[in-house]
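2 protein chains.
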Amino acid sequence: MTIENLSQAKVFGGWHKQYQHTSSALNCSMRFAIYLPPEASADNPVPVLYWLSGLTCTDENFMQKAGAFRAAAKLGIAIVAPDTSPRGEGVPDDPEGAYDFGLGAGFYVNATQTPWNKHYQMYSYIVEELPKLVEEHFPVTGSRSISGHSMGGHGALTIGLKNSERYRSISAFSPISNPMNCPWGQKALSHYLGNNTEQWKQYDSVELLKSAQATLPILVDQGEDDGFLQEQLKPELLLAAAESSGSDVKLRMQPGYDHSYFFIQSFIDDHLRFHAGFLKD
Amino acid sequence: MTIENLSQAKVFGGWHKQYQHTSSALNCSMRFAIYLPPEASADNPVPVLYWLSGLTCTDENFMQKAGAFRAAAKLGIAIVAPDTSPRGEGVPDDPEGAYDFGLGAGFYVNATQTPWNKHYQMYSYIVEELPKLVEEHFPVTGSRSISGHSMGGHGALTIGLKNSERYRSISAFSPISNPMNCPWGQKALSHYLGNNTEQWKQYDSVELLKSAQATLPILVDQGEDDGFLQEQLKPELLLAAAESSGSDVKLRMQPGYDHSYFFIQSFIDDHLRFHAGFLKD
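Residue numbers (our numbering), protein chains in the order written: chain A, -6 to 274; chain B, -6 to 274.
The hints are simulated quantities; they were obtained by calculation from the structure and are not laboratory data.
Mixed in with the good hints there might be a few duds.
As the list makes no split between identical chains, a pair holds if one copy fits it or if it spans any two.
Simulated pairs of lysine-lysine, DSS-like, Cα-Cα distance not exceeding 30 Å [as the list claims (entries may be wrong)]:
| id | residue 1 | residue 2 |
| --- | --- | --- |
| 1 | LYS180 | LYS111 |
| 2 | LYS10 | LYS203 |
| 3 | LYS67 | LYS194 |
| 4 | LYS243 | LYS67 |
| 5 | LYS67 | LYS111 |
| 6 | LYS273 | LYS111 |
| 7 | LYS155 | LYS180 |
| 8 | LYS155 | LYS243 |
Remember, it's a predicted structure, so these values are computed and weren't measured experimentally.
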């Protein structure tokens, strides 16, 4: 697997770099970004936090707006930010170009329905292909944690819950907690997976938490003034599901905060410290 | 003077807000942004750092990408970010739409030449109109400092040097230090001010520093791997001019850093602490 460097910039003594590669899972060329803290070297590989972004984002939104590198540099954690969907010629999009489905909206699932299934295999890309690539090319250990925002919070929770042997800890900002039960999720899951809602449960954090055995530690932050809270996000259902199975979910409701990266930057240091406690065990 | 609130978001316990108003200096509608730290209130007004952005920027670039609010919240400093030029219908732009002149490139001067002089009065806007508006509408004191990046570093230095009674301290990232002597500056100054280069000196930091009496404290950070360093920025000339007049300029060359907001976010905390030392005297 080869990768091509597209950009690099020094930040807080470490390096932010963007790469392009051909994804076999997604059948297209993909871009991702990595932040390597100053201490990362072949002799001193560092653990990795995977960050999954929300609707409309690329690898750039978190890296430019979250203000995460100061803490990542200090804690010695690499951060990898993939794109949010397959891209490029031949990759189908929402017929009306809507922001909540298709390009920029892969929902971190493996699509089973045509025409989506040829490219929209974001679950396999994030769980298998990308970590393999990262661990082959960069000075990182096999210690991984996963976090994300909104659609990416949904991705982090579902991927972490389904792969507890591959990650140390999970966190999310404003996750789509119960996609089976909200407009964004229902639109995406019906197109990517078809109308049999039994198939949707494997990508629904509330459903996964209900039947969870021993889950990884989970931290969730949610702004109380988030305009999507009631209709799309529903974190209270996460908490109820976690309680029913005795899972380890800490939900923090944050008064006055909205759905933006201003919210994320206010609490990202807490998330990095949370993950560091498990990544560097 | 009335202002209209366009957006607000809580961040690090304070508030980021965008406003629109009719500028009499610029003869058009303008947008600016303010960050108010948590402690700011009518009973506890806070000092203000004015941030001037570089070519192509609006009020949003610094506010979204600099990661400045954590330190501003802690230090109790408001930050005001104006746009970089007049905007809107009737405001002339570079005939070829170039990024380095016209819209997004006001260079913080008062234009004397037609057709630019009707709107391009950014110097007066930043020095007089904007602080008056801010001090009328927000819980801030009259303590001001000024900073900026690239074209905005040039703006911060020239405005601070020419108005030492109005500011407490000056800082800059990667400033255009000697605009009379670089392509960006020569293009802008010749159009805005005409071909008499004597007129340019009032907006040239090197010229101002040569003849400075007692200047404010000045901190400048410059990335050594900045692609614009040799041709456009020339901070070594700042230092030479400061030495000739005994002015207080601290220039820090930062190995490996480029011209981007990744560089700015790496050192913005130092600048905020630098200004806080003078603003909160």
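Consistency of the hints with the structure:
no., hint, result
1, LYS180 with LYS111, "within (19 Å within a copy, 51 Å between copies)"
2, LYS10 with LYS203, "neither (39 Å within a copy, 41 Å between copies)"
3, LYS67 with LYS194, "neither (38 Å within a copy, 44 Å between copies)"
4, LYS243 with LYS67, "both (24 Å within a copy, 26 Å between copies)"
5, LYS67 with LYS111, "neither (41 Å within a copy, 50 Å between copies)"
6, LYS273 with LYS111, "neither (38 Å within a copy, 60 Å between copies)"
7, LYS155 with LYS180, "within (22 Å within a copy, 59 Å between copies)"
8, LYS155 with LYS243, "within (18 Å within a copy, 54 Å between copies)"
Going down the numbered hints, you'll see the structure goes against 2, 3, 5, 6, while the others check out.
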